[in-house]
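Assemble chain Z with the ligands onto chain F, guided by the hints.
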Amino acid sequence: MAKKPLGPVRRTFSPWEEPSNQPFIEFQSVTKTFGDHIAVDNLSLKIYKREFHALLGGSGCGKTTMMRMLAGFEQPTSGCILLEGEDITRVPPHKRPVNMMFQSYALFPHMSVWDNIAFGLKQEAFSKREISARVAEMLRLVKLEPFARRKPHQLSGGQRQRVALARSLAKRPKVLLLDEPLAALDKKLREETQIELMNLQEELRMTFLIVTHDQEEAMNLADRISVMDAGHILQVATPGEIYEQPSSRYVADFIGDINFFECTVKGMNASVATLDSAELGTTLQVEVGEKPQLGSSVTLAVRPEKLRISFEKPEGENQNILQGEVWDIAYMGDVSIYHIKVSQDHTIRTIVTNTTRLVERPITWEDKVWLAFDYDAGVLLTA
Amino acid sequence: MTQRSSWFNITSLGLGFAFLYLPILILVIYSFNASKLVTVWGGFSTKWYAELWQNQQLLDAAWVTFRIALVSASLAAVLGTVAALVLARFGRFTGRTLFSGMIYAPLVMPEVILGLSLLLLFVAVGQERGFWTIAIAHTSFSMCYVAVVVQARLAGSDRSLEEAAQDLGCPPFKTFFVITLPQILPGILAGWMLAFTLSLDDLVIASFTTGPGATTLPMKIYSQVRLGVTPQINAISTILIGLVTLGVIIASLLAKRQRLAQTKRG
Ligand SMILES: Nc1ncnc2c1ncn2[C@@H]1O[C@H](COP(=O)(O)OP(=O)(O)O)[C@@H](O)[C@H]1O
Ligand SMILES: [Mg+2]
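So the sequences go chain by chain: F and Z. Quick note on the numbering used here: the first sequence kicks off at 1 and runs consecutively. Quick note on the numbering used here: the second sequence kicks off at 1001 and runs consecutively.
Please keep in mind that the hints were generated in silico from the structure rather than gathered at the bench. As the structure is a computational prediction, the values presented were derived from the model and not from experiment. Any given hint might turn out to be false.
[Stated by the list, open to error] Cβ-Cβ distance ranges computed for the label pairs, FRET-style:
1. 1245/Z - 149/F: 45 to 53 Å
2. 1022/Z - 183/F: 55 to 63 Å
3. 149/F - 1019/Z: 28 to 36 Å
4. 1101/Z - 60/F: 54 to 62 Å
5. 1028/Z - 157/F: 47 to 55 Å
6. 295/F - 1096/Z: 56 to 64 Å
7. 1107/Z - 256/F: 55 to 63 Å
8. 37/F - 1013/Z: 28 to 36 Å
9. 1022/Z - 149/F: 49 to 57 Å
10. 1107/Z - 216/F: 36 to 44 Å
11. 253/F - 1104/Z: 49 to 57 Å
Beta carbons are placed, not taken as given, at the ideal position from N, Cα and C, and that holds for glycine.
The shape of chain F in the complex, shown without the other chains:
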C-alpha cells in the first residue's frame, strides 16, 4: 500500500504490465495440503513467456511444492495450473513440456555424462544424428566436452551441476524449473554460474522459474520475484520494486537490511505525511502515494544506504534530520555499517562507503553525528 511511483526506470521487458497479455504459466487458486499441513495456500500467480521468475522465501514456505506441482510430481489439492492457457493439472510428469533441474541434481549414476544428457532426447522421436548433435551442443554450452565419457561420481560438484543443467535444457523445454540450483556451490562459482544462467536464458529465450532462499541470487537473476511465506505469496514484483517498495514489513525485512520506525500518522500535507515517532521523540516526514488514515499506526522503513551521516547539521529542504552517537562500526571492507544510537533504546544502521584507504575513520566511536534522509527515501508500511 501507500505506493508512490518510482522514478523513470528503463525497462525493456515487462509483459506483466500489459493486462491483455496472456500468461504463459498460471497458478489459479492452488492449494496443496500434506495431511493437515497447508504447504501452499490458495495461491495465484502469473508468469509470462521468456520471463525469468524467482520464487523466494525461507525454508519450508512451499517453494519446492509449487515447482513440483508445475512439474507434475504433486497434485494440487484444489485449484488448477495452466500452461499456455491449457489446463495441465492432470497431465502426468512425462507428458509435460517442462523440465526440472533437481536440487540434488539427480544424475543417473550408472550412465555417463553423455548418456545423462541424451536421456530426455532418447524418449522422443529424435534420430541418432540429431541426438548426437544436440548433446554435443549442450556439452559445449556448459563447457563439459572433455568429460562426456565420465560417470557422475567422477565429477566435481560444479561439473555435476552443469551436467544437470545441460540435461534439463537438452529437450528445449517450454519452461525450465530450477530448484535451488546453485545452493551446493561455493560463492565464487555461484556468482559465475548466475551470470551463465542469465546468458543462457537470453540465448535460449526460454521461460525460467527458479526457486531460491538466497535473496541476492533472486535479485541478481530474476525479471520478477515472488516473495513467499508460509504458503502465501506476499509480493510479486521486479527486484527493484521489491527492494524499494516492499509491500509489507516481512518483505522489507527479508530482502536486504532496513531500519524500521514505529509511528502514528499525525497529518497529511499534499503528498507528504507527517508521522509521530514515540521511540525517537520527534516527527518524521515521508512522501506517499496513497494517503494513510490519520491516527493509524504505521511503520516507516528506510534502507541504511539512504541515510547520510555528517558532523555538521545538514542544511536543505525536504529531509528528516536526527541526532545521535556512533555506537558501533562494522567494517566490511568496501563499506562500513555504522550503528547510530538515536535514543535510549533505538539504534539506526547506516552504510558509509569506504572511499579512502584511511584505516583511521573520520567518523568514529562515540562521535556525535547527524543523520539525514529525504522525504522520499522511506517507505510507509501498514502491513
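Chain Z with the ligands in isolation, oriented as in the chain F frame:
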C-alpha cells in the same frame, strides 16, 4: 585393564569360532580320509569324491536340489522385488503396516510350522507333491529374504532419480527398467544368491512338501546318515559346504558393492 579385556576377547572369540567351525573342519578333514572307518585316520585320499560319481542316487538328488534351488531362487527374486517395490514406493495404502510386518514373519517362523502349513495347503488344493511343491515352498519363504535385501537397497536409493527420468519424458513403467532396476540390481542378485543357498540346504520344509521321485540332497544325506555315517557323506557334505560358502560370499560381495556404489553417489 585393556590388556585383560583383550585377552578375554581373544579367548572368547577363539572358543566361539572353535565351537562353530571345529565340527565342520573335522567333517572336511575326514572326507579326505583313506580309511573306511569314520573316526580313524588312515591317510589322505580323494577316493570318496571319486566314488561319489558312481553313486547315481546321490547324483540324482544333487541334480533335483540344484534345479529346485534355481527355480525357487528365481521366482523368489521376482516376487520379493515386487513386494519390496510396493512397500517402498507406493506410498501409504490400507494394510501397508500389516503387509510390511508380515513380510518379516517367515524369517522368524519355525521351519516345522512353515513346512506343515504348506503341506496342509498342498493337500487341501489336491496338488500332487514332488518337485514343484518343494520349489513353491522354498519360494514362499526365501522371497522374504529377497524382499528385505531389496527394500534396504530401495530405501537408500534416491527417489528423485525416478522423478528426473519421468520429468525427461520417460513413462513410469520404462523408468523402472532403465533407472530403478539398475540401481537395485545388486540387491536383487544378492537376494537371489541368498535364496539359492537357503534352498540348497533346506531339509525340514523339503521333507514336508516332497513326494515320490523328488528327494533332495539334504534329505538323501539325512536318510543315509541314519544307517551310519560313511566317508562318502562327508565328501558330499564338504562339497555342499563349499557351494553354500561360495554363495554367501558372492551375496555379501554384491551387497558390499552396492554399499560402495551408494557412498560414491552420496
Ligand atoms: N511429501 C510431503 N509430505 C509431507 N509434507 C511435505 C511434503 N513435501 C513438503 N512438505 C511440507 O510442506 C512444506 C513446504 O515444503 P517445501 O515446498 O519443500 O518448502 P521449501 O522448498 O520452500 O523449503 C514444508 O513444511 C514441508 O515439510
Ligand atoms: Mg526446497
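*Could you say whether the range 36 to 44 Å given as a hint is met by the Cβ separation of residue 1107/Z and residue 216/F?*
54 Å, violated
*Indicate whether the distance between the beta carbons of residue 1028/Z and residue 157/F respects the range 47 to 55 Å.*
52 Å, holds
*Given a hinted range of 45 to 53 Å, is it respected by the beta-carbon distance of residue 1245/Z and residue 149/F?*
39 Å, violated
*Using the beta carbons of residue 149/F and residue 1019/Z, state whether their distance is inside 28 to 36 Å or not.*
Because 53 Å falls outside the window, the suggested range is violated.
_Verify the CB-CB distance for residue 295/F and residue 1096/Z against the hinted window 56 to 64 Å._
Given a distance of about 60 Å, which is inside 56 to 64 Å, the answer is holds.
*asked:* Against the range 49 to 57 Å, how does the distance between the Cβ atoms of residue 253/F and residue 1104/Z compare: consistent or not?
replied: 52 Å, holds
*Does the Cβ pair residue 1101/Z, residue 60/F satisfy 54 to 62 Å?*
Roughly 32 Å apart at Cβ, these two residues miss the hinted range, so it is violated.
_Against the range 55 to 63 Å, how does the distance between the Cβ atoms of residue 1107/Z and residue 256/F compare: consistent or not?_
59 Å, holds
_Against the range 55 to 63 Å, how does the distance between the Cβ atoms of residue 1022/Z and residue 183/F compare: consistent or not?_
58 Å, holds
*residue 149/F and residue 1022/Z - C-beta distance against the hinted 49 to 57 Å*: Cβ of residue 1022/Z to Cβ of residue 149/F: about 53 Å, so the range 49 to 57 Å holds.
*Please test the hint of 28 to 36 Å on the beta carbon pair from residue 37/F and residue 1013/Z.*
51 Å, violated
The structure shown violates the earlier hints numbered 1, 3, 4, 8, 10.
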